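> Each chain, written out:
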Amino acid sequence: MGDILGLVGKRLGLGLVILLIISVIIFFMVELLPGDIAEAVLGQGATKENLAAMREQMGLNQPAIWRYLQWLGGALTLDFGSSIVTQEPVMSVIGARFANTLFLAAYAAVIAVPFAIILGVIVALLRNTVFDRVANVLTLTSISSPEFFLGYILILFFSVKWGMFPAIASLSEGMSFADLLERTFLPALTLVLVVVAHMMRMTRAAIINLLASPYIEMARLKGAPPWKVIVKHALPNAWAPIINVVALNLAYLITGVVLVEVVFVYPGVGQALVDAVSKRDFPVVQACCLIFAATFILLNLAADVGAILTNPRLRHPK
Amino acid sequence: MSTFVIGYYALLLTASTAAAYFNKRQPFMMLFSLTLVSFIVGIIGGAGALRAIAFAAAALALAAMVSYAFREFLINIVGRELGKELRTAPLTAAFGMFVIFVYAIAGIFAPWIAPHGEAEVISSAFAPADANMLLGADQLGRDMFSRLVYGTRNSVGLALTATIAAFVMGAGAGLLAATKGGWFDNFMGRFADVIMSIPSLIFALLMLSIFGPSMPVIIIAVAIIYAPRVFRLTRAVAGNVVVMDYIEAAKLRGEGTGYLIRREILPNSTAPLIAEFGLEFCFVFLLVAGLSFLGLGIQPPTADWGSMVRENATLISFGEITPLIPAAAIALLTVAVNFVVDWMLHRSSGLKE
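Chains as they are written, first to last, in this note's numbering: chain A, 1 to 318; chain B, 319 to 671.
Bear in mind the hints are in silico, worked out from the structure with no lab data behind them.
Here the structure is a predicted model, which is why all the values come from computation and not from measurement.
Each residue gets a CB set at the ideal place from its N, CA and C atoms; glycine is no exception.
Partial list, computed: chain A residues near chain B (C-beta under 10 Å): (1) Arg133; (2) Pro146; (3) Ile254; (4) Cys289; (5) Ala293; (6) Thr295.
Here are the simulated distance ranges between beta carbons: (7) B:Asn558 to A:Pro89: 51 to 57 Å; (8) A:Asn128 to B:Asp448: 45 to 51 Å; (9) B:Phe340 to A:Leu138: 25 to 31 Å; (10) A:Asp3 to B:Ala377: 53 to 59 Å; (11) B:Phe502 to A:Leu138: 41 to 47 Å; (12) A:Thr129 to B:Met383: 19 to 25 Å; (13) A:Glu39 to B:Gly637: 45 to 51 Å; (14) A:Val134 to B:Ser532: 38 to 44 Å; (15) A:Thr77 to B:Met562: 52 to 58 Å; (16) A:Leu235 to B:Ile426: 50 to 56 Å.
Covered stretches of chain B (in silico footprint by chain A; criterion: 3 or more residues with CB under 8 Å from a CB of chain A, positions within the stretch not fixed): (17) 509-519; (18) 522-528; (19) 609-623; (20) 638-644.
With these hints in hand, go ahead and build the complete structure from the sequences.
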């Protein structure tokens with residue numbers, strides 16, 4: 001058990017280091033601006049006094065390293081400074097939105113994960129049949145479509161033509177949970193379509209890989225019934241790749257959510273990020289980027305740790 | 319029951335019986351399960367739903383015929399050696415090549431194909447389709463069809479340039495890292511890890527917010543984001559080649575790094591690299607489309623598929639499908655490239671299962 005903890009600890013430490021490097025990139029990239037933030041925000045026509053006042057207010061007169069440390073210290077306590085445009089604290093802009101985004105991603109994941117794994121296993125068992133080819137073409141099509149294409153097709157049919165679900169996923173205070181699920185059904189379904197295709201293909205590849213191994217052939221040759229080969233021989237070893245597939249695709253959900261939120265006007269972090277980018281509101285952009293990157297790294301970390309826990313071979317690296 | 323419905327079921331049942339009689343197991347399963355599904359769909363959706371299924375099947379058959387003919391055409395015009403390779407291509411790959419061919423024609427000859435200029439206002443906003451405008455007008459009264467044709471040139475051109483930039487950077491660094499090894503290899507590997515652990519869309523948004531959306535910024539941003547992926551693959555492929563005896567022999571002959579990369583390693587790793595180029599192009603194309611959909615891509619009045627969808631999205635709430643056509647164009651090209659890449663990967667890996 002000790003060496004497992006050691007390995008997991010090492011992996012966590014590596015994740016932290018990467019997150020730290022990313023925070024450096026996110027912060028110092030803004031420093032690459034020709035001029036500085038004050039000039040970029042106020043534009044060409046700004047007077048010297050305005051620029052000086054803005055620099056004073058944002059603390060731009062201090063050295064960059066010092067500001068970075070302050071920003072990082074603030075980020076650890078979820079204080080990302082205040083927005084340039086609205087002067088509000090960044091956390092009050094994106095705090096509630098982050099919960100909304102997580103809700104949407106979780107909603108999509110709850111539907112997508114079981115569905116994709118079951119379908120992936122079925123397609124792997126039926127490999128090289130017509131069904132497999134049809135599934136291959138369908139999943140490729142779904143992966144190749146931009147998220148906004150799928151989103152608008154769903155809007156066109158489910159809300160405009162058939163009037164089953166609302167096209168705009170606006171949230172209001174005191175909505176019942178059933179209402180919430182209905183309002184956010186179409187954005188969640190869009191995400192499900194994208195993620196299921198990815199997950200199915202990866203699950204199929206993992207299972208086919210597994211079914212090609214010698215011990216499966218041995219089990220077949222000694223006359224074990226097909227279901228027993230799957231349940232007793234293949235499945236215990238399939239968990240590792242499946243856990244990996246799930247975690248990687250949840251990480252993918254985190255970025256897919258940005259476009260979907262814009263299509264459905266859903267009040268999430270993705271939309272806040274896009275708004276902030278077009279208004280050049282750097283503190284909000286930096287905070288959103290850091291949050292997205294941290295979630296992404298965390299999920300990739302979960303994939304690695306899951307792989308270490310379920311695959312004993314990884315515990316003894318050569 | 320209309321004649322259409324009776325004809326529909328009669329055709330399906332005849333076809334599946336014929337398939338069963340001639341011992342074609344898979345087509346039979348396919349046709350008969352379609353019949354069973356049609357029963358359910360027909361009960362729920364009525365004749366309209368069955369018509370949609372028939373339409374989809376006809377479109378599929380048409381696409382298959384076109385791909386078959388196009389493959390034969392290609393086999394006839396290329397030499398014997400290439401022709402032999404092409405014969406192994408499945409219909410999906412042939413379809414992909416056909417689509418890529420059509421897009422290339424549309425992109426190269428855009429000014430001659432499009433009836434109007436891309437920024438030319440010729441009628442009122444959202445005017446419906448007529449003899450002059452195949453697909454109607456957009457939100458400013460410009461011809462949708464012309465903008466779609468010009469969009470091929472702009473959107474695909476931008477994605478292609480960005481992919482080539484990413485590829486030159488990534489593959490160059492990968493080949494160098496594989497030949498040099500040592501600290502350079504290690505450093506580049508770690509650097510690629512860090513870039514790859516930032517979600518690509520988020521990283522692109524960060525860079526665009528700082529340097530503003532313009533063509534060079536988009537190309538450089540995309541190149542920085544995707545170069546590490548190319549680097550990883552090139553490093554792995556070249557790593558397998560570097561340990562070969564003939565590389566050792568070339569080194570003993572006293573050849574320099576440049577010669578090793580150009581004359582020994584590169585020719586032996588082209589197949590996976592070409593397939594990777596196709597895959598990267600799909601990712602880049604989708605990312606750039608996403609950015610321009612968010613209003614951060616090619617700036618107006620230049621026609622661009624992503625922004626065309628966004629600008630005309632209001633039409634969707636009136637049940638119009640015109641705004642979806644540019645989005646479908648994006649999806650179709652990505653699917654086509656994926657089909658071709660699928661075949662190439664299958665061929666180069668020698669996987670026959």
